[in-house]
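Trainee: Residue numbers (my numbering), protein chains in the order written: chain A, 1 to 877; chain B, 1 to 877.
There's no promise every hint is true.
What the hints assert, rightly or not - Listed next, the in silico DMTMM-like pairs over lysine to aspartate or glutamate satisfying Cα-Cα at most 20 Å (straight line): (1) B:LYS652 / A:GLU475; (2) B:LYS483 / A:ASP756; (3) B:LYS307 / B:GLU271; (4) B:LYS344 / B:GLU387; (5) A:LYS533 / A:ASP756; (6) B:LYS815 / A:ASP649.
The set of hints was computed from the structure by calculation and includes no laboratory data.
2 protein chains.
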Amino acid sequence: MASKNSKKYVYFFDEGSKEMKELLGSKGANLAEMTRIGLPVPSGFIITTEVCNLYYKLGRKYPEGLDEQIEENLKKLEKKMGMIFGDEQNPLLVSVRSGAAVSMPGMMDTILNLGLNDKTIVGLIRKTNNERFCWDSYRRLIQMFGDVVMGVEHDEFEKTLQAKKDKKGVKFDTELDAQDLKELVEDYKKIIKKAKRKDFPQDPMVQLRMAIDAVFGSWNNKRAISYRNLHGIPHDIGTAVNVQAMVFGNMGENSGTGVAFTRNPATGEDEFYGEYLMNAQGEDVVAGIRTPQPISKLKEEMPEIYKQLLDIRRKLEEHYRDMQDIEFTIQEGKLYILQTRTGKRTAAAALKIAVDMVKQKYIDIKTAVKRVEPQMLDQLLHKQLDEKAKEKAELLTKGLPASPGAALGRVVFDADTAVEEAKKDKVILVRTETSPEDIQGMAVAQGILTARGGMTSHAAVVARGMGKCCVAGAESIKVYESKQYFEVNGKRINKGDWITLDGSTGEVFRGKIPVVDPVIGEDFKKFMGWVDKFRTIGVRANADTPNDAKVALNFGAEGIGLCRTEHMFFEADRIKAMRKMIVAGTREGREKALSQLLPIQKKDFIEIFKVMNNLPVTIRLLDPPLHEFLPNEEEDIKEISEELGIGFDELKATINALHEMNPMLGHRGCRVSITYPEVLEMQVRAIFEAAAELTLEGYKIKPEVMIPVVGIVNEAKILKEQIVNVARKIMKEKGIKFGYKVGTMVEIPRACITADEIAQEAEFFSFGTNDLTQMTFGFSRDDANKFLPVYLENGILEKDPFATIDIDGVGELIKMGVERGRKTRQNLKIGICGEHGGDPDSVKFCHKVGMDYVSCSPYRVPVARLAAAHAALEEEK
Amino acid sequence: MASKNSKKYVYFFDEGSKEMKELLGSKGANLAEMTRIGLPVPSGFIITTEVCNLYYKLGRKYPEGLDEQIEENLKKLEKKMGMIFGDEQNPLLVSVRSGAAVSMPGMMDTILNLGLNDKTIVGLIRKTNNERFCWDSYRRLIQMFGDVVMGVEHDEFEKTLQAKKDKKGVKFDTELDAQDLKELVEDYKKIIKKAKRKDFPQDPMVQLRMAIDAVFGSWNNKRAISYRNLHGIPHDIGTAVNVQAMVFGNMGENSGTGVAFTRNPATGEDEFYGEYLMNAQGEDVVAGIRTPQPISKLKEEMPEIYKQLLDIRRKLEEHYRDMQDIEFTIQEGKLYILQTRTGKRTAAAALKIAVDMVKQKYIDIKTAVKRVEPQMLDQLLHKQLDEKAKEKAELLTKGLPASPGAALGRVVFDADTAVEEAKKDKVILVRTETSPEDIQGMAVAQGILTARGGMTSHAAVVARGMGKCCVAGAESIKVYESKQYFEVNGKRINKGDWITLDGSTGEVFRGKIPVVDPVIGEDFKKFMGWVDKFRTIGVRANADTPNDAKVALNFGAEGIGLCRTEHMFFEADRIKAMRKMIVAGTREGREKALSQLLPIQKKDFIEIFKVMNNLPVTIRLLDPPLHEFLPNEEEDIKEISEELGIGFDELKATINALHEMNPMLGHRGCRVSITYPEVLEMQVRAIFEAAAELTLEGYKIKPEVMIPVVGIVNEAKILKEQIVNVARKIMKEKGIKFGYKVGTMVEIPRACITADEIAQEAEFFSFGTNDLTQMTFGFSRDDANKFLPVYLENGILEKDPFATIDIDGVGELIKMGVERGRKTRQNLKIGICGEHGGDPDSVKFCHKVGMDYVSCSPYRVPVARLAAAHAALEEEK
């Protein structure tokens, strides 16, 4: 035969392997590999990518010998399958698929059922005893072939199909019967004839040749070329053509189809898991018309097949060293594996499988660590909604997934009511947006829902800090706080009504949906231990209270990267002194009020320092503008004016004078410390007195005083001098030395640009990426929700920059800050304490630019640890 | 004599020249120069800087021969002056001054009256016939000598002086008589004796030697060393010592003293100008006890001296080629010039002198251009307060000099009243802060005064645009708009009261102060013509109306760099349509309202384009957030709800929904165009229809469409596509082609960082440095006044970054933007249109980084042109 003399252009599945991707394409190589390791894959052959290139080189002609090789391989295929291509009694049907070395959506994909014609259909009907299915398969072949191979307008077929349904008065394709479909086959043939003046080819060999032509032709269609241009894929790698036998699970009672996982994808249990249907096609399993059987049933029904499947399961796990998801079909008592791929799994399963597979010596711990995606841990650490129950629930709307977890409760609209009602039942706090005044209400609520604000809005940040479920910025909600209800898409939810939040997806449901508690077991601890072996940067937590600090420690935090001191002032006894301080009007008045706050703050620090013994605690000095501590409502002003003994008008005037047009860019952070040095003095005194006293008690305290909102070196210089003076004074007073550091937040673009100057003063930098993102983009986190969703939908931005660091913009500034800072001070300690510190992609970025640590909400510490490990492992490559 | 053999260490004044600065120090070289050109400078000699170095090299000893040289020169000095050092009848007194090659405030400065002692004072009293003066001179000598030379605590003398005054029950030194001072001399001597166990030296030679020692010693005192370290001055250049004869104008009726200018420093007239007092010392002229005579009087009184002065005047101008300011003393009929320096002058004088001196061939035009400081032109172009009247007026407070000029008028507190009252009398609009709703009121007011807001606040920007006087951010003012008065430092100013503003200094006065109108004459035009010969970058104007455009053209603008379209919407007929558009809620509703605005906007553009025929006009698309167009007060909302036929609650809800926490970082600029593309479409259509129609009429229109607030390349990409589509459509509709450009504002830090990407779309960049400054610093221009003044006072910042570009921070981003932008698009046209475009230092920066043009308020165009010329000339060096 001629083929003997020509080059090998066609490979039977058993002649290839996964290493031959370039020659056989990705799909072909995989099919070959499955065949090679002994899986009963429906046989077939691959026409190599070389042929594709030759086809074009020869001016859309095939190299000599190809035809013969195809014929040879087709013979082999018929023999393997025990069926004959084009045979009227025992027809072999084949599929033709394109498949380059890289996945390419621009090309033709698949044509099924090749080999069907007016005659072979008779044999297929007899074998499947399912006339409707056979005619449906035939009409699909003609439609696909007409469209993809012969170039008939897709619409033509659809219009005819629709006409048919209209005539019969039905809505769905499935409502057409065998007779209808048979008629459609005739109609379709006419469409082709009319459009192309050619008949749909009845000769199966012609069908096959034309389909192969179409695959090679599709390599250079417009979509494929522009896809390659866009993705930088060379134009000369070519595509292969896969010709594979079709198998049918609906050929009678000894046929069937199913899907299975080599382990339980929900729990990770090491058990064979799946379901199947006898005398059915894959679609039937998916369609849900008949209820599939659990895979264990197959053991009784077809013990041999079941045994074979168990064998395959073992083989697959040994080969792929991961949990596999397989599709199988039984055709007339013979098992075929149609597909195997890495199985999707829940977080719990991912963790268990990773840990078990290390025990079973399938994988090493490095692989185990890589197998769990960082964001998956969120599922593990928070309550989750019962997935099944969720499907049936009434979805009210979708907001931003601001803080993961699930929560249900009765709706309340203000903090005070929340505190009251929470004594009786679970509550969800619903507000247009939250402010620091709502903290107490947030603390007692199961979850928080806001109509405004983004991923770093007050509600989102505080909720994440509390490890509490939050859906933020649900813009379709209108909250009528005074009238005690909210409206969403025409529905009204009253105070006391039950709702359920999914903070991981942003969904808001009416009523109660069962919630599944997180389980953190031994596997988790073991796994996190492995994680830390690979991680090279530190992970700290943002924690403002001793309780936060304890949670953080439990989750493996190596210190506190951000202790916000302003939250400490919102409790009842403190806010009063704080307000007195603000409205005092004179330095003396302020100092008097501050002297009331000093012992309280000191106690806070003592408690936090004790929890964090031996670990660094970065304390940020007062950050928000002072007016945040004052009330806005007339009623509250009245109350406070009486409380403080200040005239209502005077107090109101003071509040008005403190009002700012753009508080985010206003009188805040170190600017307050510079204009009111006594505020800083009090805070620093509280920190250092606490440090001194605990040092005397034998604790090892590592305070790091952090100056917020620095943009000019002189700000840092002046304030550092004050801080150092207070420290010296207290060391003298207490007669003891203690170590401490003074550093700055880097959250103002100018701080990044002039980092070389600022590092002359700062002993550490902590990037405040929330503010840095706001100012770099000019996006207010509170207002951006008016346009940011549109930006994300239209691809103006790929990701929400408040959730993941914008590498091209904000990232450039961070890089600049790191480089310039270290130029001045080589050993400058650098971290991040913005909300991005818990986002896996952002953690990787922080690792890459050489930060020493990331700091995030306590509940995100494990996520950050894992992300940091992944970053280190990715770098290894 | 020994001196013959040693090196020359001492130079008599007539042996040096201004070229010998290094050897003689700056002061010495100048004295020598004045002597050299024949000015009758009191004689003296200089001990060289070399001696200083030798002094230290030899371990605080003098080189051999120095003593002899000093004695020789002293002899020469006695001879020249006809007086003898230490002589009881005819005593020569001398001063000793330090003087290095560079000015060094860290060193000892001056000791006067050396040579006075208990005996020589008798001769001096006889000669001056002024006992009190002589004793005062003596006690000053002892005090200065005791302090500076002998190192007695300065305080000791002060305490004794104070005790003396207390005892006498007087407040001022001048109230002590000759006897008191004589007693003080004795007291002072005792102080020295007690502190140093040494007497105040009576020997004049000892006094001189010790003073010389002190000068050389002061070279290495702590202050001087740290000053040199700070300013990078080498430590080995040394100081010289100047010994000069003292002359006295109070030695009788043929003595006197005066100051004079070689030209009139107020008008620049080429006339000898000055004043003098007979039988007086310099202090008497300054003290204002006796009224000096105009210099012309001297012609009668001492015609010879006057002739000599005229001669000197001519000599000085020929020598220095600039107007000089001289101090002279006549001692017993002999004229001495004590000092000559470049004279300070008003803007008008500077201009006239520069132009005249070119005519007189004293200087070339390049020098003339350099002689006028850019900011001086502000004085020329705006009304000024009468300086004399101002001194007597009641200063209420000082705010920011937000827009130069002067204005007086009756106080009004809202725009409507302003419009009403302005029909009757001049008004000043006083508000806590202004908003776009105040535009009409600002337009009719003489000036604007606000209590809040910085150099780029709304009031400041709009006022500068109008060329109108404005004092902004006068924080000590409390405005009670509803009660129609304002309070300042306890004073109350009611509606209708007269106040006067000085926008060039920020001063606010009670009552009316006469105002001087600006005079722009031929000299100005000639001068600006020279300016443009040296300037290399373009100057455009920010102009929003045809009138602005005309003013700008008159001032020499070469196009419009910023035409803000939003101001166009605030007029009565327009704001209504605008509001309808905003509250419409549907695209259709918006389009309907916009269709009413289209013809109005088109008309605006037609008029502006006509004025700017042949010149580029950069039009910025809608920039502010939409809520700026909606009312805030309940009352206004009610009115508008009726006007628009929308329910009050609904309208209020819409306004609330549009409310933003940080509008500066909110839904504005291109973000509005992206969410409401129909707004952009209308504006662009108005621009291009205007362009098309005028092109048909034969005009040459150069529209440049500018997209504001871009931070992401995709924003520019999407909007540019829309703009181009509209242009194509209109060209097709009108059947004509017209040129246009599409570019972006660069005002978001991220735009600078990703300028390379954005330049793929933008054909030009215009830096919006107001916003860029806000975001780079995180300073809201409206709120920064709460801390910015403190920052400037304490030197945290050297300059207000809203007035002058912050080169280290914002400037770095600008540089980055320019470099990255041009990397992508080599011929990218780059300008600036922030308020900095009219600030001389900022213009120089723009020149330096390679911008193509600056754009500023029309009234600042001449300033910018001159600054640009200076920048180019500085570069030449």
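Trainee: Take the C-alpha atoms of LYS483 (chain B) and ASP756 (chain A), compute the straight-line distance between them, and say whether it is at most 20 Å.
Mentor: Distance of about 52 Å is beyond 20 Å: violated.
Trainee: Assess, step by step, whether the Cα of LYS344 (chain B) is no farther than 20 Å from the Cα of GLU387 (chain B), and give holds or violated.
Mentor: Judged against 20 Å, a Cα distance of about 15 Å means the pair holds.
Trainee: Against the 20 Å threshold, does the CA-CA distance of LYS533 (chain A) and ASP756 (chain A) hold or violate the hint?
Mentor: 33 Å, violated
Trainee: Please verify whether LYS652 (chain B) and GLU475 (chain A) have alpha carbons no more than 20 Å apart.
Mentor: At roughly 17 Å apart (the allowed maximum being 20 Å), GLU475 (chain A) and LYS652 (chain B) satisfy the hint.
Trainee: Holds or violated: LYS307 (chain B) with GLU271 (chain B), Cα cutoff 20 Å?
Mentor: 14 Å, holds
Trainee: Would you check the hint for LYS815 (chain B) and ASP649 (chain A), treating anything up to 20 Å between C-alpha atoms as holding?
Mentor: It is violated: about 50 Å lies between the C-alpha atoms, which goes past 20 Å.
Checked against the numbered hints listed earlier, the structure breaks hints 2, 5, 6; every other hint is satisfied.
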